[in-house]
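Undergrad: The task is simple: from the sequences and hints, build the whole structure.
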Amino acid sequence: MINEAKSNEAHVTNPNLDPKQLAKEFRVSETLMSNFLDRFAPSRVASDEYRATAEVMLFIHIPKTAGVSVGRSLREAFDHFHGVEWNNIPQSFRQAARSAIYQQTCRDRRHVIMGHFGWPEMQLFRNHEMPMKCGTILRSPVDRTISNYNYNCSSAHPANEQFRKRFPSLESYISELPTDVQITQALGLIGSFENALEKLIRHYTFLGVTEHLSASLSHLGRSHGLPKLREYRENVGMERGEKTLDSELVKKIENRSFNDKRLHSLISRMYQS
0 MINEAKSNEA HVTNPNLDPK QLAKEFRVSE TLMSNFLDRF APSRVASDEY
50 RATAEVMLFI HIPKTAGVSV GRSLREAFDH FHGVEWNNIP QSFRQAARSA
100 IYQQTCRDRR HVIMGHFGWP EMQLFRNHEM PMKCGTILRS PVDRTISNYN
150 YNCSSAHPAN EQFRKRFPSL ESYISELPTD VQITQALGLI GSFENALEKL
200 IRHYTFLGVT EHLSASLSHL GRSHGLPKLR EYRENVGMER GEKTLDSELV
250 KKIENRSFND KRLHSLISRM YQS
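Under numbering that gives the first Met the number 0, the sequence shown has 114 at position 115, and the numbering climbs by one with no breaks.
Take every hint as true, because none was put in to throw you off.
Restricting the straight-line Cα-Cα distance to at most 27 Å, the calculated cross-link-like pairs of lysine-lysine (DSSO-like) are:
id, residue 1, residue 2
1, Lys132, Lys198
2, Lys251, Lys164
3, Lys132, Lys227
4, Lys198, Lys260
5, Lys260, Lys23
6, Lys198, Lys19
7, Lys250, Lys23
8, Lys132, Lys260
9, Lys23, Lys198
10, Lys250, Lys164
11, Lys260, Lys19
12, Lys260, Lys250
What follows is a list of derived Cβ distance ranges for each label pair:
id, residue 1, residue 2, range
13, Thr243, Ala53, 46 to 56 Å
14, Ser28, Ser154, 43 to 53 Å
15, Thr243, Thr30, 36 to 46 Å
16, Lys164, Ala53, 43 to 53 Å
17, Lys227, Asn34, 25 to 35 Å
18, Lys227, Met129, 22 to 32 Å
19, Gly224, Ser267, 22 to 32 Å
20, Gly224, Ile200, 17 to 27 Å
21, Pro130, Ser98, 10 to 20 Å
Source of the hints: derived by calculation from the structure; they are not laboratory data.
From a predicted model like this one, the values you see are computed outputs, not experimental measurements.
C-beta: ideal position from N, C-alpha, C; glycine also.
TA: Below is the structure:
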(Lines of atoms letter the chains of each structure in order from A and count residues from 1; the text may use other names and numbers.)
(Lines give C-alpha, C1' and ligand atoms only; values in the text may rest on other atoms or scores of the structure.)
Protein backbone atom coordinates (compact mmCIF):
# COMPACT_ATOMS: atom_id res chain seq x y z
CA MET A 1 0.00 0.00 0.00
CA ILE A 2 2.81 2.42 0.85
CA ASN A 3 4.51 1.86 -2.49
CA GLU A 4 1.24 2.49 -4.35
CA ALA A 5 0.71 5.67 -2.39
CA LYS A 6 4.18 6.84 -3.20
CA SER A 7 3.69 6.25 -6.89
CA ASN A 8 0.57 8.40 -6.79
CA GLU A 9 2.18 11.30 -4.93
CA ALA A 10 1.86 14.66 -6.65
CA HIS A 11 5.19 15.86 -5.26
CA VAL A 12 7.95 16.21 -7.83
CA THR A 13 11.20 14.51 -6.91
CA ASN A 14 13.80 17.00 -5.72
CA PRO A 15 16.64 16.99 -8.29
CA ASN A 16 19.10 17.90 -5.52
CA LEU A 17 18.45 14.59 -3.77
CA ASP A 18 20.45 12.16 -5.86
CA PRO A 19 21.26 9.29 -3.46
CA LYS A 20 24.44 8.41 -5.31
CA GLN A 21 25.83 11.95 -5.17
CA LEU A 22 24.77 12.52 -1.58
CA ALA A 23 26.21 9.16 -0.50
CA LYS A 24 29.55 10.16 -1.97
CA GLU A 25 29.42 13.63 -0.39
CA PHE A 26 28.48 12.38 3.09
CA ARG A 27 30.62 9.23 2.84
CA VAL A 28 27.92 6.65 3.48
CA SER A 29 26.60 3.80 1.36
CA GLU A 30 24.19 4.62 -1.44
CA THR A 31 21.68 2.13 -0.03
CA LEU A 32 21.70 3.84 3.37
CA MET A 33 21.33 7.30 1.83
CA SER A 34 18.45 6.13 -0.33
CA ASN A 35 16.73 4.61 2.72
CA PHE A 36 17.26 7.84 4.66
CA LEU A 37 15.70 9.94 1.90
CA ASP A 38 12.78 7.53 1.54
CA ARG A 39 12.17 7.84 5.26
CA PHE A 40 12.38 11.63 5.64
CA ALA A 41 12.46 13.62 2.39
CA PRO A 42 9.14 15.42 1.72
CA SER A 43 9.41 14.60 -1.98
CA ARG A 44 9.64 10.87 -1.23
CA VAL A 45 7.22 10.38 1.67
CA ALA A 46 3.58 9.67 0.86
CA SER A 47 0.72 11.58 2.44
CA ASP A 48 -0.45 9.93 5.68
CA GLU A 49 2.45 7.46 5.55
CA TYR A 50 3.03 7.81 9.29
CA ARG A 51 -0.57 8.43 10.29
CA ALA A 52 -1.86 6.44 13.27
CA THR A 53 -5.17 6.19 15.08
CA ALA A 54 -3.43 5.59 18.41
CA GLU A 55 0.16 6.46 19.23
CA VAL A 56 2.62 8.09 21.59
CA MET A 57 5.04 10.22 19.58
CA LEU A 58 8.20 11.56 21.18
CA PHE A 59 9.17 15.04 20.00
CA ILE A 60 12.65 15.94 21.16
CA HIS A 61 12.95 19.70 21.68
CA ILE A 62 16.55 20.72 21.13
CA PRO A 63 17.03 24.14 22.80
CA LYS A 64 16.57 27.18 20.53
CA THR A 65 15.02 25.36 17.59
CA ALA A 66 11.67 27.20 17.58
CA GLY A 67 10.36 24.96 20.33
CA VAL A 68 7.71 27.35 21.66
CA SER A 69 6.23 27.78 18.18
CA VAL A 70 6.38 24.07 17.39
CA GLY A 71 4.95 23.15 20.79
CA ARG A 72 1.93 25.36 20.23
CA SER A 73 1.40 23.76 16.82
CA LEU A 74 1.64 20.22 18.21
CA ARG A 75 -0.67 21.04 21.10
CA GLU A 76 -3.43 21.89 18.62
CA ALA A 77 -2.75 19.03 16.20
CA PHE A 78 -2.60 16.04 18.57
CA ASP A 79 -5.42 14.77 20.77
CA HIS A 80 -3.22 15.02 23.86
CA PHE A 81 -0.05 17.06 24.44
CA HIS A 82 2.30 16.15 27.30
CA GLY A 83 5.01 18.68 28.15
CA VAL A 84 8.20 17.72 29.99
CA GLU A 85 9.49 20.16 32.61
CA TRP A 86 12.93 21.50 31.70
CA ASN A 87 14.14 21.60 35.33
CA ASN A 88 13.04 18.06 36.24
CA ILE A 89 13.47 16.11 33.02
CA PRO A 90 13.91 12.46 34.15
CA GLN A 91 10.97 12.37 36.56
CA SER A 92 8.75 14.60 34.44
CA PHE A 93 9.38 12.45 31.36
CA ARG A 94 8.58 9.22 33.21
CA GLN A 95 5.32 10.67 34.50
CA ALA A 96 4.31 11.98 31.07
CA ALA A 97 5.26 8.72 29.35
CA ARG A 98 3.41 6.49 31.82
CA SER A 99 0.29 8.64 31.53
CA ALA A 100 0.37 8.81 27.72
CA ILE A 101 1.10 5.10 27.29
CA TYR A 102 -1.71 4.08 29.63
CA GLN A 103 -4.26 6.46 28.10
CA GLN A 104 -3.38 5.25 24.62
CA THR A 105 -4.11 1.64 25.64
CA CYS A 106 -7.54 2.64 26.96
CA ARG A 107 -8.74 4.65 24.00
CA ASP A 108 -7.58 5.34 20.46
CA ARG A 109 -6.00 8.76 20.75
CA ARG A 110 -2.88 10.41 19.41
CA HIS A 111 -0.47 11.57 22.11
CA VAL A 112 2.73 13.59 21.77
CA ILE A 113 5.36 14.10 24.46
CA MET A 114 7.59 17.14 23.95
CA GLY A 115 10.45 18.60 25.94
CA HIS A 116 14.20 18.82 26.43
CA PHE A 117 14.49 15.10 27.18
CA GLY A 118 16.95 13.01 25.23
CA TRP A 119 18.29 9.56 24.48
CA PRO A 120 18.64 8.41 28.12
CA GLU A 121 14.97 9.14 28.88
CA MET A 122 13.83 7.60 25.59
CA GLN A 123 15.26 4.23 26.68
CA LEU A 124 12.15 3.76 28.82
CA PHE A 125 10.36 2.69 25.63
CA ARG A 126 13.12 0.32 24.51
CA ASN A 127 13.52 -1.16 28.00
CA HIS A 128 9.84 -2.09 27.96
CA GLU A 129 9.98 -3.40 24.38
CA MET A 130 7.85 -0.64 22.93
CA PRO A 131 8.78 0.90 19.57
CA MET A 132 9.78 4.55 19.49
CA LYS A 133 8.21 6.98 17.05
CA CYS A 134 10.22 10.18 17.25
CA GLY A 135 10.58 13.57 15.65
CA THR A 136 12.81 16.60 16.10
CA ILE A 137 13.90 19.86 14.50
CA LEU A 138 17.53 20.86 14.05
CA ARG A 139 19.19 24.24 13.52
CA SER A 140 22.50 25.53 12.22
CA PRO A 141 24.97 24.75 15.04
CA VAL A 142 26.49 28.25 14.99
CA ASP A 143 23.14 30.06 15.08
CA ARG A 144 21.75 27.70 17.70
CA THR A 145 24.75 28.08 19.98
CA ILE A 146 24.65 31.88 19.88
CA SER A 147 20.88 31.95 20.36
CA ASN A 148 21.11 29.56 23.30
CA TYR A 149 23.78 31.67 24.96
CA ASN A 150 21.76 34.87 24.51
CA TYR A 151 18.62 33.24 25.88
CA ASN A 152 20.34 31.85 28.96
CA CYS A 153 21.77 35.32 29.67
CA SER A 154 18.37 36.99 29.35
CA SER A 155 15.70 37.58 31.98
CA ALA A 156 13.51 35.00 30.20
CA HIS A 157 15.67 32.24 31.69
CA PRO A 158 15.00 31.67 35.42
CA ALA A 159 18.63 30.82 36.16
CA ASN A 160 20.15 33.61 34.08
CA GLU A 161 22.15 35.09 36.95
CA GLN A 162 23.94 31.83 37.71
CA PHE A 163 24.51 31.26 34.00
CA ARG A 164 26.10 34.68 33.48
CA LYS A 165 28.41 34.11 36.43
CA ARG A 166 29.52 30.78 35.01
CA PHE A 167 29.81 32.06 31.43
CA PRO A 168 30.54 35.82 31.46
CA SER A 169 31.26 35.80 27.72
CA LEU A 170 30.28 33.88 24.61
CA GLU A 171 33.88 32.76 24.33
CA SER A 172 33.78 31.12 27.75
CA TYR A 173 30.53 29.35 26.84
CA ILE A 174 31.90 28.01 23.56
CA SER A 175 35.06 26.74 25.28
CA GLU A 176 32.90 24.32 27.32
CA LEU A 177 30.42 23.45 24.56
CA PRO A 178 29.79 19.68 24.41
CA THR A 179 30.42 17.98 21.08
CA ASP A 180 27.50 17.42 18.68
CA VAL A 181 24.89 18.77 21.09
CA GLN A 182 21.92 18.12 18.80
CA ILE A 183 22.75 14.60 17.68
CA THR A 184 23.70 13.59 21.21
CA GLN A 185 20.35 14.72 22.59
CA ALA A 186 18.40 13.04 19.80
CA LEU A 187 20.44 9.84 19.42
CA GLY A 188 22.98 9.52 22.20
CA LEU A 189 26.56 8.74 21.23
CA ILE A 190 27.25 7.70 17.64
CA GLY A 191 30.17 5.72 16.26
CA SER A 192 30.01 7.34 12.83
CA PHE A 193 27.78 9.53 10.68
CA GLU A 194 26.50 6.34 9.06
CA ASN A 195 25.54 5.09 12.53
CA ALA A 196 23.58 8.32 13.10
CA LEU A 197 21.56 7.84 9.91
CA GLU A 198 20.85 4.21 10.80
CA LYS A 199 19.54 5.16 14.25
CA LEU A 200 17.38 7.93 12.80
CA ILE A 201 15.84 5.52 10.29
CA ARG A 202 15.07 3.01 13.05
CA HIS A 203 13.50 5.38 15.55
CA TYR A 204 12.35 8.57 13.80
CA THR A 205 9.59 9.43 11.35
CA PHE A 206 10.17 13.18 11.10
CA LEU A 207 13.15 15.51 10.82
CA GLY A 208 12.87 19.25 10.18
CA VAL A 209 15.02 22.37 10.33
CA THR A 210 14.34 25.76 11.89
CA GLU A 211 15.49 27.57 8.75
CA HIS A 212 12.65 25.91 6.80
CA LEU A 213 10.15 25.81 9.65
CA SER A 214 7.03 26.36 7.56
CA ALA A 215 7.97 23.62 5.08
CA SER A 216 9.00 21.32 7.93
CA LEU A 217 5.67 21.66 9.73
CA SER A 218 3.79 21.30 6.47
CA HIS A 219 5.59 18.02 5.82
CA LEU A 220 4.96 16.81 9.38
CA GLY A 221 1.25 17.50 9.01
CA ARG A 222 1.00 15.88 5.58
CA SER A 223 3.06 12.78 6.32
CA HIS A 224 1.56 12.14 9.76
CA GLY A 225 -2.06 12.95 8.96
CA LEU A 226 -2.27 16.04 11.17
CA PRO A 227 -4.54 18.43 9.25
CA LYS A 228 -4.79 20.89 12.16
CA LEU A 229 -1.04 21.50 12.24
CA ARG A 230 -0.21 25.13 11.50
CA GLU A 231 2.75 27.40 12.03
CA TYR A 232 3.12 29.98 14.77
CA ARG A 233 5.90 32.52 15.06
CA GLU A 234 7.01 33.07 18.62
CA ASN A 235 10.32 33.86 20.26
CA VAL A 236 11.19 33.44 23.92
CA GLY A 237 14.13 35.42 25.25
CA MET A 238 16.20 38.19 23.78
CA GLU A 239 17.71 37.87 20.33
CA ARG A 240 20.52 40.36 20.22
CA GLY A 241 21.08 42.62 17.27
CA GLU A 242 22.93 41.47 14.19
CA LYS A 243 26.63 41.22 14.89
CA THR A 244 29.46 39.73 12.90
CA LEU A 245 30.84 36.82 14.87
CA ASP A 246 34.58 36.39 15.03
CA SER A 247 35.66 33.76 12.52
CA GLU A 248 37.69 31.97 15.18
CA LEU A 249 34.61 31.55 17.36
CA VAL A 250 32.66 30.21 14.40
CA LYS A 251 35.45 27.73 13.75
CA LYS A 252 35.45 26.63 17.40
CA ILE A 253 31.70 25.99 17.32
CA GLU A 254 31.95 24.07 14.05
CA ASN A 255 34.89 22.01 15.33
CA ARG A 256 32.67 20.84 18.19
CA SER A 257 29.63 20.32 15.95
CA PHE A 258 31.05 18.33 13.04
CA ASN A 259 28.25 15.78 12.72
CA ASP A 260 25.53 18.24 13.77
CA LYS A 261 26.58 20.44 10.87
CA ARG A 262 26.53 17.53 8.41
CA LEU A 263 23.11 16.29 9.50
CA HIS A 264 21.65 19.80 9.45
CA SER A 265 23.04 20.30 5.94
CA LEU A 266 21.56 17.01 4.71
CA ILE A 267 18.11 17.68 6.17
CA SER A 268 18.13 21.24 4.80
CA ARG A 269 18.66 19.86 1.29
CA MET A 270 15.42 17.91 1.61
CA TYR A 271 13.45 21.14 2.11
CA GLN A 272 15.12 23.18 -0.62
CA SER A 273 13.11 23.45 -3.83
